[in-house]
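*Asks:* Work out the full structure: start from the sequences and follow the hints.
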Amino acid sequence: MNRLSLRSLFLHFLTPLLITGGLIPCPTQAEPPARKPVVLTDRARELHRQCLVVDGHNDLPWTMREKAASSFKQADIAQPQPRFHTDIPRLRQGNVGAQFWSAYVPAETSQERRAAHYTLEQIDLIHRMIKRYPDVFEMASTADDIERIHKSGKIASMIGVEGGHSIENSLSLLRVFYGLGVRYMTLTHSDTLDWADSATDTAKHDGLSPFGEEVVRTMNELGMLVDISHVSQATMEDVLRVSQAPIIASHSSARAVADHVRNVPDEILVKVKENGGVVMVNYFSGFVVPESARQMTEMFHVRRELKKKYPDETEFNREYNRWKSSHKMQPGTIHDVVDHIDHIAKVAGVEHVGIGSDFDGVSTLPAQLEDVSTYPLITQALLDRGYTDQQIKQIMGLNLLRVMREAEQVALRLQQQTKD
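Numbers -30 to -1, 1 to 390, taken from mature numbering (1 follows the signal peptide of the UniProt record, and there is no 0), label the letters of the sequence shown in order.
Since the hints were derived computationally from the structure, they do not count as laboratory data.
It should be emphasised that the depicted structure is a prediction, and the values quoted were computed from it without experimental measurement.
We put the beta carbon where it would ideally sit given N, CA and C, even for glycine.
Some hints could be false.
[To be verified] Straight-line alpha carbon distances no greater than 16 Å define the calculated EDC-like cross-link-like pairs of lysine to aspartate or glutamate that follow: (1) Lys316 with Glu244; (2) Lys241 with Glu321; (3) Lys279 with Glu289; (4) Lys241 with Glu207.
[To be verified] Ranges between beta-carbon positions, derived for each pair: (5) Ser122 with Glu16: 14 to 24 Å; (6) Arg118 with Gln379: 17 to 27 Å; (7) Pro76 with Glu268: 19 to 29 Å.
*Replies:* Written out as structure tokens, the structure is:
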């Protein structure tokens, strides 16, 4: 037996004895440092100040509709609004540079042929908000606009339509929405459509129908980002096959970390890397905390069954809220969210991950991520995990800007081909 083999045997058998015998110190098991509350340092504050923070999804417009009758007189967001996750003072504290405001309406509105009508009302609300607070917000149409507006000290504002039911199977409406400032559309919400399967409903098309593929091609030609949040895995795969432009997941997390169908599986993360897109991590506890994700899966099932049992909306809401009140989910902590950022960065690359909080659209948030003032803590947590300044700037916003620019270039090329 040679000297190398003897040395290997020594290390193999004796190293565990040395460690367990106390000759080599063991790390403490009480509370791993990485899971302690994040403490904001001056270093992180300064780095965060340099970041152009772009959040992919905020549901303030729907919260305004539900809690303030769409009236900025009832809820003046220039003042603190403790009922909300979002107001101007806290946006400033969080150093938000650009925000996609969600023009969301429930999927059920499509059954009444009112989805487009309500979506237009939500788009109008966003425009009214920007007009009411002109020193704070400015509408952005392009990546260059975002940078220009950010440099002026304002918050660049874009619109994302959450759910393809809003176009009521009309490419004309899709084009109208683009003209009104919509720069991404989530292909489905919670229900499967006539042309695309949702992650949380029965599949009908094994992904996209032929019309669904035409929707994606039209979005590419317009320069509207295709958003794969909420869609089934088969729909994700079809989108990545059809789209000529980088895609986004505006508010989704990693399925390998928290197993819920709303999250993106690793095989799709690899394809997102090939496509050049970006997955923007959702903060909702039910999608980022593993145990809570399991509970959310049960909740979706219960919701479907209660819908069948109680066709009356009042009765359904009563029974559904009763079930939710007896099944409180674990909120988790900021570290659960950063685990998802970490995983996506490892599988797809740091160039393909971003932030899509879903503030004002979710019921439960992790500790230290309670509202829009908390973005600097994400910067600190990423520093604590060894990310470089440039990588953090990419995650906080530059990755999304790159995707927008590339989508704009694809649109110009496709428009030129159409002319030719």
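*Asks:* For each hint, tell me whether it holds in the structure or not.
*Replies:* So, going through the hints one by one against the coordinates:
1. Lys316 with Glu244: holds (14 Å)
2. Lys241 with Glu321: With a Cα-Cα distance of about 13 Å, the restraint between Lys241 and Glu321 holds, given a limit of 16 Å.
3. Lys279 with Glu289: holds (10 Å)
4. Lys241 with Glu207: Measuring from Cα to Cα gives roughly 8 Å; hence the hint holds.
5. Ser122 with Glu16: 14 to 24 Å: holds (21 Å)
6. Arg118 with Gln379: 17 to 27 Å: holds (18 Å)
7. Pro76 with Glu268: 19 to 29 Å: holds (21 Å)
In this structure, none of the earlier numbered hints is contradicted; all agree with it.
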